[in-house]
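Just so you know, the sequences run in chain order U and L.
Letter by letter, the first sequence follows residues 203 to 463 in this note's numbering.
Letter by letter, the second sequence follows residues 76 to 321 in this note's numbering.
Read the hints as simulated data drawn from the structure, not as lab findings.
Each hint should be verified, as a subset may be incorrect.
27 Å max Cα-Cα, derived DSSO-like pairs, lysine-lysine [to be verified]:
no. : chain 1 : residue 1 : chain 2 : residue 2
1   : L       : K240      : L       : K187
2   : U       : K417      : L       : K308
3   : L       : K178      : L       : K310
4   : L       : K178      : L       : K161
5   : U       : K417      : L       : K221
6   : L       : K161      : L       : K201
7   : L       : K267      : L       : K128
8   : L       : K311      : L       : K267
9   : L       : K221      : L       : K201
10  : U       : K417      : L       : K227
11  : L       : K310      : L       : K227
12  : U       : K232      : L       : K267
13  : L       : K192      : L       : K308
14  : L       : K192      : L       : K161
15  : L       : K161      : L       : K298
16  : L       : K227      : L       : K178
17  : U       : K417      : L       : K128
18  : L       : K201      : U       : K417
19  : L       : K240      : L       : K220
20  : L       : K267      : L       : K161
21  : L       : K290      : U       : K232
Using C-beta positions, here's what the derived DEER-type ranges look like [to be verified]:
no. : chain 1 : residue 1 : chain 2 : residue 2 : range
22  : L       : G146      : U       : I263      : 38 to 46 Å
23  : U       : G228      : L       : K128      : 27 to 35 Å
24  : U       : I263      : L       : K192      : 34 to 42 Å
25  : U       : L295      : L       : P148      : 30 to 38 Å
26  : L       : G146      : U       : G453      : 35 to 43 Å
27  : U       : W374      : L       : Q145      : 26 to 34 Å
Note that CB positions come from ideal geometry on N, CA and C, so glycine has one too.
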Amino acid sequence: MRSRLPVVLVLPAVVGLAFLLVPLAGLLIKAPWATLPAQLFSQEVGQALQLSLICASLATIVCLVLGVPLAWLLARSDLPGRGVLRALVTVPLVLPPVVGGVALLLVLGRRGVVGQYLDQWFGISLPFTTAGVVLAEAFVAMPFLVISVEGALRAADPRFEEAAATLGASRWLTFRRVTLPSVMPGVVAGTVLCWARALGEFGATITFAGNFPGKTTTMPLAVYLALETDPDAAIVLSIVLLLVSVAVLAGLRDKWISGPS
Amino acid sequence: MRRVLALVLVLAGCGTTQPSTSGGEITVFAAASLTESFQQLGEEFEAANPGTKVSFNFAGSSALAQQLNQGAPADVFASAAPANMKQVTDTGTITATPTTFAKNTLQIAVPKGNPGKITGLADFAKGDLKIALCAEQVPCGAAAKKVFAAAKITPSPDTLEQDVKAVLTKVSLGEVDAALVYRTDVQAAGDKVEGEDFAEASSAVNDYPIAPLAKAPNAATAKAFVDYVLSEKGKKVLAAAGFTAP
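If we strip away everything but chain U, and leave its shape as in the complex, we get (with noise of 0.2 Å):
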């Protein structure tokens, strides 16, 4: 029979709850339900919730070719400096979004450091594109997966690779075949956790991919705009926005976390 839960631990954890939800019922108390139906199928809203979608997703993908081999990377080398560069994987973390979404531009835009060059030999200007869009995310989405995937990595028994290897496996073999599934949990984790926190993602798409509608105005960028002038609006946009990222995000974990628990 199992012990009593201790209260020392519940009583927390219960607060913790009612205060991630309480904000949340918020929304759903003061929503203006008799506008939801004509709001949801609104042209614009359409357009921002699937430019949001998209988006998302492209940044997730980005996010995890490059984001897993630089866990990989982080986790199983013998790098020099590797420590203060597990540090710098998190610098979008912490910076203030609009901050990267500034130093993106400085990199990137017509006259960064990288970006004139891209504008002068291949005509390719990124600020105002939903290409742009998809970077802002992915900047400041991918440390969610890198630390994700790193933490799983190394949490990972090595032995099992190493079995691999004295069998005569190459290093590529033994991370598709060995290292990946045995991480997938994290991969996972990771992967939802990068497309959540790239969806909701405002502050640096709105400074570096700007804001105009069907090009890079994202549901969080209408959102901030409703909020101006008409707040029942934004509160309905809101709600969009999270039942929809529910809904995928639930949706993803009975497909892939499912397993025997």
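Assemble the complex: chain U is given as a structure, and chain L must be docked to it using the hints.
Just chain L now, with coordinates in the frame of chain U:
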């Protein structure tokens, strides 16, 4: 358990506001575009009235109006648009009649050296130039819309920014060739941004209203500060920042 309770109580304590006991302290909610001039006015007011202390909360007028309507403690509200002042008088948060203390007009802002060779409002219709405007939902965007309608020009903006400061960031970094912002914003932006006057600006003159709050914790000092802003000295500071007199 007891320790946890104590922590909860401490956290709960953070949320309550202490009633102000010192007589001369006031909080002024002012539009972001007033940051420089009101900080100076605050210092002058404190110097002229020993024992007083003026604290500011600068933000977009609509955000301030919402904070006030939600019961944020403040003594004076200075808005960048009559519409946002109306949001506050409509709810009775302000019962006094607001007074217009300054006017602001739009100016074309270009990066230093004017790389896009902008000469007038007509250039805003050129698709190959990068143009930033304020979103229609914020005052500078609403004013820009009025100006373009009066000039019968259809602008082709690349971005509709959430506030004036965001627009100016893009101008000073050279990411856009031209933007439409208030004259005072160009003046505050420093030497990386140049301003150009244009004839159609007179079709959108923005009034800045000010009023004390109905439930101002310190009504006497609040009124004194409003009077100071409206005085000759106040007008001088505002004129130096690029505002025109009402």
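Against the structure, the hints:
{"no.": "1", "hint": "L:K240 with L:K187", "verdict": "17 Å, holds"}
{"no.": "2", "hint": "U:K417 with L:K308", "verdict": "47 Å, violated"}
{"no.": "3", "hint": "L:K178 with L:K310", "verdict": "11 Å, holds"}
{"no.": "4", "hint": "L:K178 with L:K161", "verdict": "17 Å, holds"}
{"no.": "5", "hint": "U:K417 with L:K221", "verdict": "24 Å, holds"}
{"no.": "6", "hint": "L:K161 with L:K201", "verdict": "37 Å, violated"}
{"no.": "7", "hint": "L:K267 with L:K128", "verdict": "34 Å, violated"}
{"no.": "8", "hint": "L:K311 with L:K267", "verdict": "25 Å, holds"}
{"no.": "9", "hint": "L:K221 with L:K201", "verdict": "19 Å, holds"}
{"no.": "10", "hint": "U:K417 with L:K227", "verdict": "25 Å, holds"}
{"no.": "11", "hint": "L:K310 with L:K227", "verdict": "34 Å, violated"}
{"no.": "12", "hint": "U:K232 with L:K267", "verdict": "44 Å, violated"}
{"no.": "13", "hint": "L:K192 with L:K308", "verdict": "39 Å, violated"}
{"no.": "14", "hint": "L:K192 with L:K161", "verdict": "40 Å, violated"}
{"no.": "15", "hint": "L:K161 with L:K298", "verdict": "19 Å, holds"}
{"no.": "16", "hint": "L:K227 with L:K178", "verdict": "24 Å, holds"}
{"no.": "17", "hint": "U:K417 with L:K128", "verdict": "47 Å, violated"}
{"no.": "18", "hint": "L:K201 with U:K417", "verdict": "19 Å, holds"}
{"no.": "19", "hint": "L:K240 with L:K220", "verdict": "18 Å, holds"}
{"no.": "20", "hint": "L:K267 with L:K161", "verdict": "35 Å, violated"}
{"no.": "21", "hint": "L:K290 with U:K232", "verdict": "25 Å, holds"}
{"no.": "22", "hint": "L:G146 with U:I263: 38 to 46 Å", "verdict": "45 Å, holds"}
{"no.": "23", "hint": "U:G228 with L:K128: 27 to 35 Å", "verdict": "34 Å, holds"}
{"no.": "24", "hint": "U:I263 with L:K192: 34 to 42 Å", "verdict": "41 Å, holds"}
{"no.": "25", "hint": "U:L295 with L:P148: 30 to 38 Å", "verdict": "33 Å, holds"}
{"no.": "26", "hint": "L:G146 with U:G453: 35 to 43 Å", "verdict": "40 Å, holds"}
{"no.": "27", "hint": "U:W374 with L:Q145: 26 to 34 Å", "verdict": "57 Å, violated"}
Violated hints, listed in ascending order, are 2, 6, 7, 11, 12, 13, 14, 17, 20 and 27; each of the other numbered hints is respected by the structure.
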